[in-house]
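Based on the hints, put chain B in the right spot on chain A.
Chain residues, written in single-letter form:
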Amino acid sequence: MNLNKKLIPALIASALASTAYSSTALANDSAELEELRALVQQLEQKVKVIDRKSELAEEAAAAKKKETPVVKASEKGFGIQSADGQHEIKFRGLLQADGRVFDQGKQITQKAASGASTAGYLDNTEDAHGTALLRRVRPTIEGKVFDKYDFRFTPEFGDGKANVVDAYIDARFDPAFQFKAGKFKPFVGLERLQSGADIKFIERSYVSSILPNRDVGFSLHGDLANDRLSYALGVYNGVVDGGDNTTSSDLNNSKDFAARVFATPFKGQDNPLEGLGFGIAATYGDVTGQVKDTVNGSVTELTTGYKTEGQQTFFQYNGAGVLRSGIGENLTATGGPGASWLVHADGQRYRLAPQAYYYFGPLGIQGEYVRESQAVSVGAQNLAKTTLNNDAWQLGVSYLITGEDASFKGVKPKRNFDLNSGGWGAWELVARYSELNLDDAAFSFGALDSTALNTTLNGKAHYLYADPKASAKSAHTWTVGANWYLNPEVKFALNYSQTSFNGGGGNLSGSPTNTFADLVTQSDVRNREDERVLLARFQIAY
Amino acid sequence: MTKSLLHISLLAALALTPIAQAADISLLNVSYDPTRELYQDYNAAFAKYWKAKTGDNVTVKASHGGSGKQARAIIDGLDADVATLALAYDVDQLHEKGKLIPKDWQKRLGHNSAPYTSTIVFLVRKGNPKKIKDWDDIVKPGVSVITPNPKTSGGARWNYLAAWAYALKNNNNDEAKAKEFVGKLFKNVPVLDTGARGATTTFVERGIGDVLLAWENEAFLAKKELGPDKFEIVVPSVSILAEPTVTVVDKVVDKRKTRAVATAYLEYLYSEEGQEIAAQNYYRPTLDSVAKKYEKSFPKVNLVKVDEVFGGWQKAQKVHFADGGTFDEIYSK
Numbered sequence: 000m001n002l003n004k005k006l007i008p009a010l011i012a013s014a015l016a017s018t019a020y021s022s023t024a025l026a027n028d029s030a031e032l033e034e035l036r037a038l039v040q041q042l043e044q045k046v047k048v049i050d051r052k053s054e055l056a057e058e059a060a061a062a063k064k065k066e067t068p069v070v071k072a073s074e075k076g077f078g079i080q081s082a083d084g085q086h087e088i089k090f091r092g093l094l095q096a097d098g099r100v101f102d103q104g105k106q107i108t109q110k111a112a113s114g115a116s117t118a119g120y121l122d123n124t125e126d127a128h129g130t131a132l133l134r135r136v137r138p139t140i141e142g143k144v145f146d147k148y149d150f151r152f153t154p155e156f157g158d159g160k161a162n163v164v165d166a167y168i169d170a171r172f173d174p175a176f177q178f179k180a181g182k183f184k185p186f187v188g189l190e191r192l193q194s195g196a197d198i199k200f201i202e203r204s205y206v207s208s209i210l211p212n213r214d215v216g217f218s219l220h221g222d223l224a225n226d227r228l229s230y231a232l233g234v235y236n237g238v239v240d241g242g243d244n245t246t247s248s249d250l251n252n253s254k255d256f257a258a259r260v261f262a263t264p265f266k267g268q269d270n271p272l273e274g275l276g277f278g279i280a281a282t283y284g285d286v287t288g289q290v291k292d293t294v295n296g297s298v299t300e301l302t303t304g305y306k307t308e309g310q311q312t313f314f315q316y317n318g319a320g321v322l323r324s325g326i327g328e329n330l331t332a333t334g335g336p337g338a339s340w341l342v343h344a345d346g347q348r349y350r351l352a353p354q355a356y357y358y359f360g361p362l363g364i365q366g367e368y369v370r371e372s373q374a375v376s377v378g379a380q381n382l383a384k385t386t387l388n389n390d391a392w393q394l395g396v397s398y399l400i401t402g403e404d405a406s407f408k409g410v411k412p413k414r415n416f417d418l419n420s421g422g423w424g425a426w427e428l429v430a431r432y433s434e435l436n437l438d439d440a441a442f443s444f445g446a447l448d449s450t451a452l453n454t455t456l457n458g459k460a461h462y463l464y465a466d467p468k469a470s471a472k473s474a475h476t477w478t479v480g481a482n483w484y485l486n487p488e489v490k491f492a493l494n495y496s497q498t499s500f501n502g503g504g505g506n507l508s509g510s511p512t513n514t515f516a517d518l519v520t521q522s523d524v525r526n527r528e529d530e531r532v533l534l535a536r537f538q539i540a541y
Numbered sequence: 000m001t002k003s004l005l006h007i008s009l010l011a012a013l014a015l016t017p018i019a020q021a022a023d024i025s026l027l028n029v030s031y032d033p034t035r036e037l038y039q040d041y042n043a044a045f046a047k048y049w050k051a052k053t054g055d056n057v058t059v060k061a062s063h064g065g066s067g068k069q070a071r072a073i074i075d076g077l078d079a080d081v082a083t084l085a086l087a088y089d090v091d092q093l094h095e096k097g098k099l100i101p102k103d104w105q106k107r108l109g110h111n112s113a114p115y116t117s118t119i120v121f122l123v124r125k126g127n128p129k130k131i132k133d134w135d136d137i138v139k140p141g142v143s144v145i146t147p148n149p150k151t152s153g154g155a156r157w158n159y160l161a162a163w164a165y166a167l168k169n170n171n172n173d174e175a176k177a178k179e180f181v182g183k184l185f186k187n188v189p190v191l192d193t194g195a196r197g198a199t200t201t202f203v204e205r206g207i208g209d210v211l212l213a214w215e216n217e218a219f220l221a222k223k224e225l226g227p228d229k230f231e232i233v234v235p236s237v238s239i240l241a242e243p244t245v246t247v248v249d250k251v252v253d254k255r256k257t258r259a260v261a262t263a264y265l266e267y268l269y270s271e272e273g274q275e276i277a278a279q280n281y282y283r284p285t286l287d288s289v290a291k292k293y294e295k296s297f298p299k300v301n302l303v304k305v306d307e308v309f310g311g312w313q314k315a316q317k318v319h320f321a322d323g324g325t326f327d328e329i330y331s332k
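Taken in sequence, the protein lines are chains A and B.
Take 0 as the starting number for the first sequence in numbering that gives the first Met the number 0 and just add one per residue.
Take 0 as the starting number for the second sequence in numbering that gives the first Met the number 0 and just add one per residue.
No wet-lab data here; the hints were simulated from the structure.
Hints are not guaranteed to be accurate.
[What the hints assert, rightly or not] As a list, the in silico DSSO-like pairs of lysine-lysine whose alpha-carbon atoms are at most 27 angstroms apart: (1) B:Lys98 with A:Lys143; (2) A:Lys52 with B:Lys186; (3) B:Lys129 with B:Lys178; (4) B:Lys68 with A:Lys64; (5) A:Lys71 with B:Lys60; (6) A:Lys45 with B:Lys150; (7) B:Lys68 with B:Lys96; (8) A:Lys384 with A:Lys306; (9) A:Lys408 with B:Lys256; (10) B:Lys132 with B:Lys183.
Here chain A stands alone, though its shape is the one from the complex (with noise of 0.2 angstroms):
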């Protein structure tokens, strides 16, 4: 509001006015001019005064409208977040949709005896077949609130599946103090804790198969000495390997322990090793696993099978499900034992896993080992109890041929690809080994003493823990693929792998006897056939 525009020309006139009168009154005395002038003078500053006070409190309140919520929709994605950016609420997602074509490979059945005239299959493989999949469906909602509780709900709805991946809350107390409950991925294992959005490669390696996915429980968590330095110590459920908690409450009462120190020394230097990372992480937990009838079913506590790059199952211990129908006659049928034979979990459970990073410029190096000890036994009577020693270990290599960046978390493409302005996106080349090995004894041939076994086994020597001629003692991969960043958002990708393996096949030619004999004897274990899968990837993750 212009007041003194009206006002001081009113003022001047009347003062001039003024000074008119006076000047035909005492024509001389300056003075008093003077005085007229130096008032009017005073008053055109006071209204000045006001006037940009009032122009300033315009402003205040112009700046104040912008405490408003802020709705946001960009390339970083859409939410909602408060002027003050105390409170946020983002809405994300992830869709990757696959391709998978095998030009050879086979992976294990399970098919199901009918009856006591059809017995098992020597041939308890088959040929695994190529697929088109939505691999991970997951919408995600998360913010903050108070700038320090983070929160995070993601169901799944890829793959087969619909539950609920992740849902915790995360207090940020301090850089150095931070507390994370609910559903969450452990502080465990390097490539797992990499978002399934910025994997380098379509499928993780075999040391995420040993390594915990997502469990229920706790963990406290920071960052010390600028960041360079993390820690986290927690306490889960616990879960199998690679596995994924769905359930809300525990089945047992012991409870998993992981530890978890990851060093970056020179993050934020001038320096070539910048990129360097490196730590090592634990889990214990002294787990056994329940036996209980075929109506009731049974919970071993160990993995359900560990997985080629194909996600075709190589291992699998012996369960009730392998002994009626995969590798001998039906001894359901013939008052088999069913969960009588079950090989469960039973007592101490670690896993030793130091991992390292590197990132320069454009080249981005991976690595991981996991040691695996887990004591197992078989049947409701525990018997042949001992300790299964598994190990695995990765080597990845990543290559930005354009020229970005490499880093843990996504690329950003220096130009996002766009016909019209001439920009290709980032292109990345990979490369990766990876093996699991399982302990020999894991395939001990033997026979369980005990007289409340199944008759037809009872004393007779047999595979205990897993039929080498079923599941692969080891496996071997070696991965390339290129990735293709059409922007920070969308990527696609395309992987080649080759497996083999030691064990894992029998002999499947000649005619297959389907006798109790089979089951018992140790002939006829072979390698398993290569695995050469061609997959492939569309992704957007905002």
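What follows is chain B alone, placed relative to chain A:
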């Protein structure tokens, strides 16, 4: 055979050099109020320099406002790749309240991360009608003084401390007398803007006040833009060495993957070209060769330092500008 092929493919892939493709990069420089013209010139020069050096296109956006206010905006989530603020205390807040930068940020660049300096002078109307020569003249009754709010403006804090230092010097370091002196000064302030540029607007465009306490660069600029026939610069007998400081905001550059270009952006301020641009915008250069070249452009002033008179910015802030501090006492009277 297949394994060999895979090995060869892998080696071939790694041997490939990056395909040259110019990147489009954007940076945000969150700065204080009167640096608009400086960074307008500097950003253009840096973009040219960076293009020639790397082939990448860099666009630097700038945000300006009261220095304290700008620091708070960064802490509250404004994605500043670099902060170029009026004083070290405001940058310190990025570490203390936001953990956005390391504690020792000031050691990362030369001259304690102050690539250029300035000082506080008086801008008066042509003919200096109130005959203002030194600090004593602006505390006299009837003299209207324009300065922004020290709570929000870095420049205002320099103004305040310069006046305080003068009063100490002329009263045998008597703090009580200095407080009384600065109290008188603020009694003469009719309106408080939030930033230095706002105060210049009040004085120059709105025609309020007899004297503007201004950054030296701001005073020179006002004189240049509006003509020497309208304003005069008065250099007081004592003023303060103002050291605006700069830093990369680590958390932001790591998130945005702009550390390299942001660091180069600040380092270039120290180059001969960067220093020339600073000097042309009336900031005192720190590079000797450029400082010598522009020696005659800047008046010689007896400059005191915050560290020497006030024991550093942390202490000065706590005593004078924190809630309940000396300024609150003075201004609420």
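Requested in this report: Compare the distance between the alpha carbons of Lys408 (chain A) and Lys256 (chain B) with 27 angstroms, and conclude whether the hinted pair is satisfied.
Outcome: Since the Cα atoms of Lys408 (chain A) and Lys256 (chain B) sit roughly 11 angstroms apart, the hinted pair holds (cutoff 27 angstroms).
Requested in this report: For the pair we were handed, Lys68 (chain B) and Lys96 (chain B), check the Cα-Cα distance against 27 angstroms.
Outcome: Holds, because 13 angstroms separates the two Cα atoms, which is no more than 27 angstroms.
Query raised in the report: Would the pair Lys98 (chain B) and Lys143 (chain A) pass a check requiring their Cα atoms to be no farther apart than 27 angstroms?
Result: 18 angstroms, holds
Query raised in the report: Does Lys129 (chain B) pair with Lys178 (chain B) here, judged by a C-alpha cut-off of 27 angstroms?
Result: Status holds; Cα separation ~24 angstroms.
Query raised in the report: Does Lys132 (chain B) pair with Lys183 (chain B) here, judged by a C-alpha cut-off of 27 angstroms?
Result: 17 angstroms, holds
Query raised in the report: When you check the alpha-carbon spacing of Lys68 (chain B) and Lys64 (chain A), does it fall within 27 angstroms?
Result: 16 angstroms, holds
Query raised in the report: Is Lys71 (chain A) close enough to Lys60 (chain B), meaning Cα to Cα at most 27 angstroms?
Result: 20 angstroms, holds
Query raised in the report: Are the Cα atoms of Lys52 (chain A) and Lys186 (chain B) separated by 27 angstroms or less?
Result: 16 angstroms, holds
Query raised in the report: Do the alpha carbons of Lys384 (chain A) and Lys306 (chain A) lie within 27 angstroms of each other, as the hint requires?
Result: Between Lys384 (chain A) and Lys306 (chain A) the Cα gap is close to 25 angstroms, so the pair holds against 27 angstroms.
Report task. Take a quick look at whether Lys45 (chain A) and Lys150 (chain B) sit within 27 angstroms of each other, Cα to Cα. Result -> Answer holds: Lys45 (chain A) to Lys150 (chain B) is near 24 angstroms, not above 27 angstroms.
Of the numbered hints listed earlier, not one is contradicted by the structure.
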